[in-house]
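Peer 1: Now for the letters of each chain:
Number of protein chains: 2
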Amino acid sequence: MTSDAFAARLRDVADAIEQRLDALLPHGDLISDAMRHGVLGGGKRLRGFLVVETAALFGVSEVTALNTAAAVECLHAYSLVHDDLPCMDDDDLRRGRPTVHRKWDEATGVLAGDALQTIAFEILARPDTHSNAQARIGLVMALAKASGQAGMVGGQAMDIAAETAGSPLNLDEISLLQSLKTGALIRFSCEAGAILGGNADARPHLAAYADALGLAFQIRDDLLDVEGDEDAAGKALNKDAAAGKATFVSLLGIEQARQKAADLIDTAIVNLSRQSLSSPMLEQAARFALTRQT
Amino acid sequence: MTSDAFAARLRDVADAIEQRLDALLPHGDLISDAMRHGVLGGGKRLRGFLVVETAALFGVSEVTALNTAAAVECLHAYSLVHDDLPCMDDDDLRRGRPTVHRKWDEATGVLAGDALQTIAFEILARPDTHSNAQARIGLVMALAKASGQAGMVGGQAMDIAAETAGSPLNLDEISLLQSLKTGALIRFSCEAGAILGGNADARPHLAAYADALGLAFQIRDDLLDVEGDEDAAGKALNKDAAAGKATFVSLLGIEQARQKAADLIDTAIVNLSRQSLSSPMLEQAARFALTRQT
Chain A
1 MTSDAFAARL RDVADAIEQR LDALLPHGDL ISDAMRHGVL GGGKRLRGFL VVETAALFGV
61 SEVTALNTAA AVECLHAYSL VHDDLPCMDD DDLRRGRPTV HRKWDEATGV LAGDALQTIA
121 FEILARPDTH SNAQARIGLV MALAKASGQA GMVGGQAMDI AAETAGSPLN LDEISLLQSL
181 KTGALIRFSC EAGAILGGNA DARPHLAAYA DALGLAFQIR DDLLDVEGDE DAAGKALNKD
241 AAAGKATFVS LLGIEQARQK AADLIDTAIV NLSRQSLSSP MLEQAARFAL TRQT
Chain B
1 MTSDAFAARL RDVADAIEQR LDALLPHGDL ISDAMRHGVL GGGKRLRGFL VVETAALFGV
61 SEVTALNTAA AVECLHAYSL VHDDLPCMDD DDLRRGRPTV HRKWDEATGV LAGDALQTIA
121 FEILARPDTH SNAQARIGLV MALAKASGQA GMVGGQAMDI AAETAGSPLN LDEISLLQSL
181 KTGALIRFSC EAGAILGGNA DARPHLAAYA DALGLAFQIR DDLLDVEGDE DAAGKALNKD
241 AAAGKATFVS LLGIEQARQK AADLIDTAIV NLSRQSLSSP MLEQAARFAL TRQT
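Protein chains in written order, with full-length UniProt numbering: chain A, 1 to 294; chain B, 1 to 294.
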């Protein structure tokens, strides 16, 4: 599989997820418009892609995989809409467009985020997502763990606390923060395939792949924050350095951060193939996390 | 059943729900503390009570009923924590104590509310809530409908839009707003018994009871806002009149509002007993909605 073929597949899956989102989201009122602004029209859909490709390992049907991918992207978008609020990271731009609270107002940002979290669970619970209620409730349980106080919310709270305290985190603390704030949903996205396929044995191996991928993804984010192109990113860069925040790059230096990310990706790929979960797409997804420019 | 016996039962159920919440909520960090502040130590637990009493109609086990009641109270608390934020209703007091964003800060209010919504779904999905995955996924689906853009979030958005526009709503609009903002979760609480009991036939009748009860409950709220005791309520009163907001009382007058609430409760009780869903507790709960002082 060439990286061009991978890029084409990533785009195709992103288009298919976009269409599912468009069909699943409500429309015709302010909150629906704000939800759509928050989730449609942007992003690489890497989380959704991981759902689709891990689901493919177990022969899961397309509508099941795409609904689950759409749910993950709604949950991800909810976290971005709330993290962008003035009382949190106070961001004006996201994917090159005004953030929800800048386009409308703060109340709309809070409520649209709230409704995006709700619809993520609603999509997972829909009978047309999977005929098996056990699989659907397994997804709900796993997404709740990724999303709540012991997952993304906990990570965001750690991040804000560190910024307020003004004492930069060390490497262990940054790793924990990242595993909650970014890693938890990437882990869910990879476990989703095993949950949908009813394959409990594969789940820990996909989780291990996801944890290495998630950490490498975050290190690449920190590298792009220092080296990246603001226009291509569609958001403000260099924010962490300007705020004096510790990142993998500030703690390790550029070269060592690059090496750590590369090592993580090797581990992820070797672990996966050793478990007979070999997938060219998941291999390329791991390499992409390392080389992406946005 | 005397109203004293009802009051004692309401207190006992509230105590049991409080114990379940204490056991189910996380602890040991800022977000956990804020979640606990938002949901523990207060409230009549009327929504949880409705879950417990409708579940009792179908012989549902106590742990199933109490977990579901705890989930409803977490969802209710999430909506209060977010509605209290400065960008929404900007309230300093709730149940006689500082609101979450006043005790901590806005970011903590947003995140604790987010995590309370998440944990509501997590509790419903837990295997120990019900042995039947179909019942659990049915609860998740119904709670998502009550909570999201077509439910509570939609109602709160209507409320804010009306306030911003400065043109008071008419009776039909107020009724719609209330059916979303308050009614949807009361309806879920009553339907929960039928979902847990696997009794699809009873569900619409419990929903009809809930809709009448919910509307009467809101009318009573509007009456208490005009006539109530601020110390007993534990929150600021007369806010709606001061803000020039339309309420059932401003539109109907005190006497007609009282009469409408009383008629609704009669309809709710008659409808219930006609369907052989007779429950002295649910009858008294309806009467309580009409006569409560806080």
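What the hints contain is simulated information worked out from the structure, not anything from laboratory work. Some clues are possibly wrong.
Distance ranges between label pairs, derived from CB positions [unchecked claim]: (1) E62/A / Q256/B: 53 to 61 Å; (2) L176/B / L171/A: 48 to 56 Å; (3) P127/B / S175/A: 28 to 36 Å.
Which stretches of chain B does chain A cover? Using the computed rule of at least three CB atoms under 8 Å from a CB of chain A, they are [claimed, not checked]: (4) 5 to 14; (5) 23 to 32.
Yeah, the Cβ is synthetic: ideal placement off N, Cα and C, and Gly gets one too.
Peer 1: Decide, hint by hint, whether the structure agrees.
Peer 2: Checked hints:
Between E62/A and Q256/B the beta carbon distance is about 56 Å. The supplied range of 53 to 61 Å therefore holds. Taken as a hint, the range 48 to 56 Å holds for the pair L176/B and L171/A, whose Cβ atoms sit roughly 54 Å apart. Checked against the hint of 28 to 36 Å, the pair P127/B and S175/A passes, with Cβ atoms roughly 31 Å apart. A stretch counts as covered by a chain when three or more of its residues have a beta carbon under 8 Å from one of that chain; for the segment 5 to 14 of chain B and chain A the count is 0, and the coverage is violated.
Only residues whose beta carbon comes within less than 8 Å of a beta carbon in chain A count, and the segment 23 to 32 of chain B has 5; three or more means the coverage holds.
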